[in-house]
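Start from the sequences and build out the full structure, keeping to the hints where you can.
Chains as they are written, first to last, in this note's numbering: chain A, 6 to 254; chain B, 6 to 257.
No lab work stands behind these hints: they were computed from the structure. Do not rely on the hints blindly, as some may be mistaken.
In silico lysine-lysine, PhoX-like type, Cα no more than 25 Å apart, as pairs [to be verified]:
{"#": "1", "chain 1": "A", "residue 1": "Lys156", "chain 2": "A", "residue 2": "Lys130"}
{"#": "2", "chain 1": "A", "residue 1": "Lys8", "chain 2": "A", "residue 2": "Lys218"}
{"#": "3", "chain 1": "A", "residue 1": "Lys144", "chain 2": "A", "residue 2": "Lys130"}
{"#": "4", "chain 1": "B", "residue 1": "Lys174", "chain 2": "A", "residue 2": "Lys156"}
{"#": "5", "chain 1": "A", "residue 1": "Lys144", "chain 2": "B", "residue 2": "Lys222"}
{"#": "6", "chain 1": "B", "residue 1": "Lys99", "chain 2": "B", "residue 2": "Lys160"}
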Amino acid sequence: MLKIENLSATIADKQILNGLTLEVAAGEIHAIMGPNGAGKSTLSYVLGGRPGYEVTGGSVEFMGKDLLDMEPHERAAAGLFLGFQYPVEIPGVSNVQFLREALNAQRTARGEDPLSGGEFLKLAKEKAALLGMDMEMLKRNVNVGFSGGEKKRAEMVQMGILGPQFAVLDETDSGLDIDALRVVGDGINAIMRDPARGVLLITHYQRLLDTVKPDKVSILAAGRIVQTGGADLAMRLEAEGYDAVMAAA
Amino acid sequence: MTQDITLPTRKDEAWRYSDTDALAGMDLGTFDDWRDIDVAAGETYRDFLTIGDSEAVELRRIRVKVGENARCELFGVITGGQLGRIEIVVMLAKGAHFEMGGVTLGGRDTTREFVTRVVHEEPEATSNQTVRSVHWGQGTGNFLGRIDVVRDAQKTDAAQSFKGLLLEKGASVNSVPQLEIYADDVKCAHGATVGQLDETARFYMAARGLPPELSRKLLVQAFLGDAFVSLDDEEERERLMGIALAKLDAHL
Chain A
6 MLKIENLSAT IADKQILNGL TLEVAAGEIH AIMGPNGAGK STLSYVLGGR
56 PGYEVTGGSV EFMGKDLLDM EPHERAAAGL FLGFQYPVEI PGVSNVQFLR
106 EALNAQRTAR GEDPLSGGEF LKLAKEKAAL LGMDMEMLKR NVNVGFSGGE
156 KKRAEMVQMG ILGPQFAVLD ETDSGLDIDA LRVVGDGINA IMRDPARGVL
206 LITHYQRLLD TVKPDKVSIL AAGRIVQTGG ADLAMRLEAE GYDAVMAAA
Chain B
6 MTQDITLPTR KDEAWRYSDT DALAGMDLGT FDDWRDIDVA AGETYRDFLT
56 IGDSEAVELR RIRVKVGENA RCELFGVITG GQLGRIEIVV MLAKGAHFEM
106 GGVTLGGRDT TREFVTRVVH EEPEATSNQT VRSVHWGQGT GNFLGRIDVV
156 RDAQKTDAAQ SFKGLLLEKG ASVNSVPQLE IYADDVKCAH GATVGQLDET
206 ARFYMAARGL PPELSRKLLV QAFLGDAFVS LDDEEERERL MGIALAKLDA
256 HL
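Okay, structure coming up:
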């Protein structure tokens, strides 16, 4: 579904990704773990097409298409969702307006009919309930005045509404307390656990993986994947630390 | 009694950032052409001023006397005119309120501006002015707002807020708050900021599927919205926003 080959990228001429190769199949939840500064967030931004992140080599194929050749909004319409580590506040724009415009822009780009206001609200209500979010919060401005945990929860509501084929979730677990972590984890399972969908789950900690059981776990260090294994790899990392696990490999 | 009228120049404080070159050859009578409005004590008056679809110099002048405990609300949208200028003079009696919301949009080498003078002539009057300007090309947006608080006009509460959004390099905005206060128990606040579109927000919106022109439109709409917050009429709010956004669409 997602095939990254020998990907290199720089930010302001600084090499961050260094020949990264990784493949995620449909139906797979693939966790990426790694020490600080390994390039985890850079990987997610490069996949999303953030300006300033320059690809200097390699390729990314997404559902048979050249992902790097698409504009950020075209990637979204093609079915890619990028969950932000730090969701952005947009004063003056309500979640409802933002998500309806976004969903309909995606649908139009795919040649589908846009949803009416009523249809959209029904969908939004359903997905908000899945994440235990009050509809009133969706009427508020995008992420404005939301706590860290609420922002992450809102990201998952957005994912539910947009219904992507593939999600790249960048530290969706950071800033969540234990209860919120379970709600968000259950949300990821409910929305993305599907033979036709895939997830790249970037995380620092094992805890989210107790709820969202990964099919594979890869370690990202110094800009490339250095080790891939099953769910047990995450537990070894938690118990022994990155240095010990990587040294033993 | 006649007063000699001459064409304004940039030496005049109220024309400091204006396009005075565009005035050449204009009928001098134009500059003394005021629309006068009296709002009787306790009444509410609301009006809408728009300048659109013009390549010429477009001046609108309105002078309002707001009686005791009366209220005047003016909302303006300037999207047209080589020079589009709305001048407002307001005299406030005891306990009166003046509310103004204005937006300017424009590109090429146009100038669009609000020039206001609010005189708190008696105690306990309040005024609130909000101007939002969005410009591109070599366009200029101005807000020159003067507030006079006469002696004994105690408990005056006057506020001005200006924000400029520059979509392209080369555009500019100017804000000149001018406060003349001769009473000692008053509140006068003014604020001004200039910025550009938030690129982080634009990437976030793109990552959700919004093409650049749509994210720009949503952000501009949110930015302009402040000017119409105090307009308690949804239909009119949407009409004014529609005029402003149509101007933006035409530019895209």
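Evaluated hints:
{"no.": "1", "hint": "A:Lys156 to A:Lys130", "in the structure": "holds, 17 Å"}
{"no.": "2", "hint": "A:Lys8 to A:Lys218", "in the structure": "holds, 21 Å"}
{"no.": "3", "hint": "A:Lys144 to A:Lys130", "in the structure": "holds, 11 Å"}
{"no.": "4", "hint": "B:Lys174 to A:Lys156", "in the structure": "violated, 33 Å"}
{"no.": "5", "hint": "A:Lys144 to B:Lys222", "in the structure": "holds, 19 Å"}
{"no.": "6", "hint": "B:Lys99 to B:Lys160", "in the structure": "holds, 10 Å"}
Of the numbered hints stated above, the single one contradicted by the structure is hint 4.
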